[in-house]
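Sequence lines, in order, name chains C and U.
So in the working numbering, the last spot in the first sequence is 427, and the numbers never skip.
So in the working numbering, the last spot in the second sequence is 98, and the numbers never skip.
Since the hints were derived computationally from the structure, they do not count as laboratory data.
Quick caveat: nothing in here was measured; it's all calculated off a predicted structure.
Here a beta-carbon is modelled for each residue, glycine too, at the ideal position from N, C-alpha and C.
Check before you lean on any hint, since a few could be wrong.
[As the list claims (entries may be wrong)] Quick list of in silico lysine-lysine cross-link-like pairs, DSSO-like style, CA-CA up to 30 Å:
#1 U:K59 with C:K133
#2 U:K25 with C:K138
#3 C:K202 with U:K59
#4 U:K59 with C:K78
[Said to hold, decoys possible] Computed footprint of chain C on chain U; a stretch qualifies when at least three of its residues, placed anywhere within it, have a C-beta under 8 Å from a C-beta of chain C:
#5 44-52
#6 82-96
[Said to hold, decoys possible] Label pairs and their in silico Cβ distance ranges:
#7 U:T34 with C:N112: 38 to 46 Å
#8 U:R82 with C:D64: 52 to 60 Å
#9 C:R90 with U:K59: 44 to 52 Å
#10 C:Q407 with U:A96: 34 to 42 Å
#11 C:A166 with U:K59: 31 to 39 Å
#12 U:E20 with C:K202: 18 to 26 Å
#13 U:A80 with C:V63: 48 to 56 Å
#14 C:E143 with U:H75: 24 to 32 Å
#15 C:R246 with U:R31: 35 to 43 Å
#16 C:T188 with U:S72: 30 to 38 Å
For reference, the chains in residue letters:
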Amino acid sequence: MVDVKKGETIVLVGTRKGLFLFHSRDRKRWHTRGPYFEGETIRHAVLDPRNGKTIYAGVTSEHWGPVVMHSKNFGGKWVHGEEGPRFSKESGISVTRIWQIQHGADDDLYVGVEPAGLFHSDDRGETWRSVDGLNYRSDRKDWQPGGGGLCLHSILPYSGDPKRMLVAISASGVFGTNDGGTTWRSMNGGVRKYSEDAVFVDNVAESCPHKLVRDTRDPSIVYMQNHTGVYRRKRGDAAWTAIEKGLSSTFGFPMAAHPHKAETLYAVPLEGDFNRVTPGGAMAVYRTTNSGQRWARLHRGLPQKNAWFTVLRDAMRTDDADPAGVYVGTTTGQLYYSRNEGDSWQLLADHLPQVQSVEAGTVGGR
Amino acid sequence: MVEGDVRIEVYLPRALREYSEGKDWIELRAATLADAVTQLNARFPGLGYRLLDDQGKMRRYVLVFVNEDSVAHLAPDAVRLRDGDVVHILPSVAGG
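Extracted from the complex, chain C is given alone in its bound form (with noise of 0.2 Å):
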């Protein structure tokens, strides 16, 4: 097993039977780790960018119920705390699965976990408090899961205020608080019903977002794949504005930002919930630059014909290197990834299990 050294690029892939680390100085050679966790599902695994070692690791097992493991040393150890995230007992729910890791505004974590809730810790995973004012909200009894369950798959802390956060929940939609998780606010006003003829309000916690991020340069604008279409949300604005121009499709599931630049994400349609694949068994990565008022299909590299297959809501997600990086990761087991911004695509890995998401980053920061 090769060594992983400071400053080389590291991409986490989390499969449906195990995780996966790859890892190279030039993004041309890369060398592999694992599968850790065998046989268990990876929702979610991320650096720690604070220090660019330590992977936390979202593990379910079927069996054993989900935990939050880390590693120092990149996967030659794999440590637990002694207790998960837990619902109460008044509450009548028991989590099942972790599907997002996230670190918070200050030295803590976050995990989001299904079915749909949000938890924190401020001792690095040994233990986990819930956040009750979301998890606990009146309306969670109208909270209706989607396909993957009832999940709450992203968490959005704001950099400048570590009271502010937004989560997406499926099917439940998005809600943001301004108090540190005590309230919460149910964010969906503009976002198209399935009827495509009507829209949802803010204030009812409905709508069915499939992954929201925020922009690197300017954390009040938020962007989001929702089951209806893909919008855009800067703070102070009354509702969600839909952002579709030059899609193939309105549908689809992951969506992540250029690490460096403004106003730039990707976003991977699939021709619609009626058919949830590539379109055409043509795979295409869509860029925008200028925050959604027009997309760009990026395909050369990819697969142009009898490529049917889904990319789940977590796996596409940059690195942090200039050029930035982009790594896509499919359900059947192929990690596609440039090293120029999308402009244009190469295999780094295939034959993986089903690919569920993917983190990179830069071993020992940036």
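We have chain C already, so just place chain U on it with the hints.
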């Protein structure tokens, strides 16, 4: 033997032995299945979380046999143990 001094043996499947320093058979004194899980967790921190869901029930795909009786569907504190009982903890045959 005093009341509550119930000696049992618990079998752990391979997947859980990372918690038990590789041991497959654990000797305990426990009057109920809930007691047994509590003591397992005291000796091997984290093991209890892998067995019980948030409501204190055995996780959905965990099988528990006391001697030859399946008891995973019962509340753990309602499963009384007797001296010499053998408790098997197993994963159900499920998944894909």
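Now the hints, each set against the structure:
no. : hint                          : verdict
1   : U:K59 with C:K133             : 33 Å, violated
2   : U:K25 with C:K138             : 19 Å, holds
3   : C:K202 with U:K59             : 22 Å, holds
4   : U:K59 with C:K78              : 26 Å, holds
5   : 44-52                         : holds (count 4)
6   : 82-96                         : holds (count 3)
7   : U:T34 with C:N112: 38 to 46 Å : 44 Å, holds
8   : U:R82 with C:D64: 52 to 60 Å  : 54 Å, holds
9   : C:R90 with U:K59: 44 to 52 Å  : 50 Å, holds
10  : C:Q407 with U:A96: 34 to 42 Å : 38 Å, holds
11  : C:A166 with U:K59: 31 to 39 Å : 36 Å, holds
12  : U:E20 with C:K202: 18 to 26 Å : 38 Å, violated
13  : U:A80 with C:V63: 48 to 56 Å  : 53 Å, holds
14  : C:E143 with U:H75: 24 to 32 Å : 26 Å, holds
15  : C:R246 with U:R31: 35 to 43 Å : 52 Å, violated
16  : C:T188 with U:S72: 30 to 38 Å : 33 Å, holds
Hints 1, 12 and 15, counting from the list given before, are not met by this structure.
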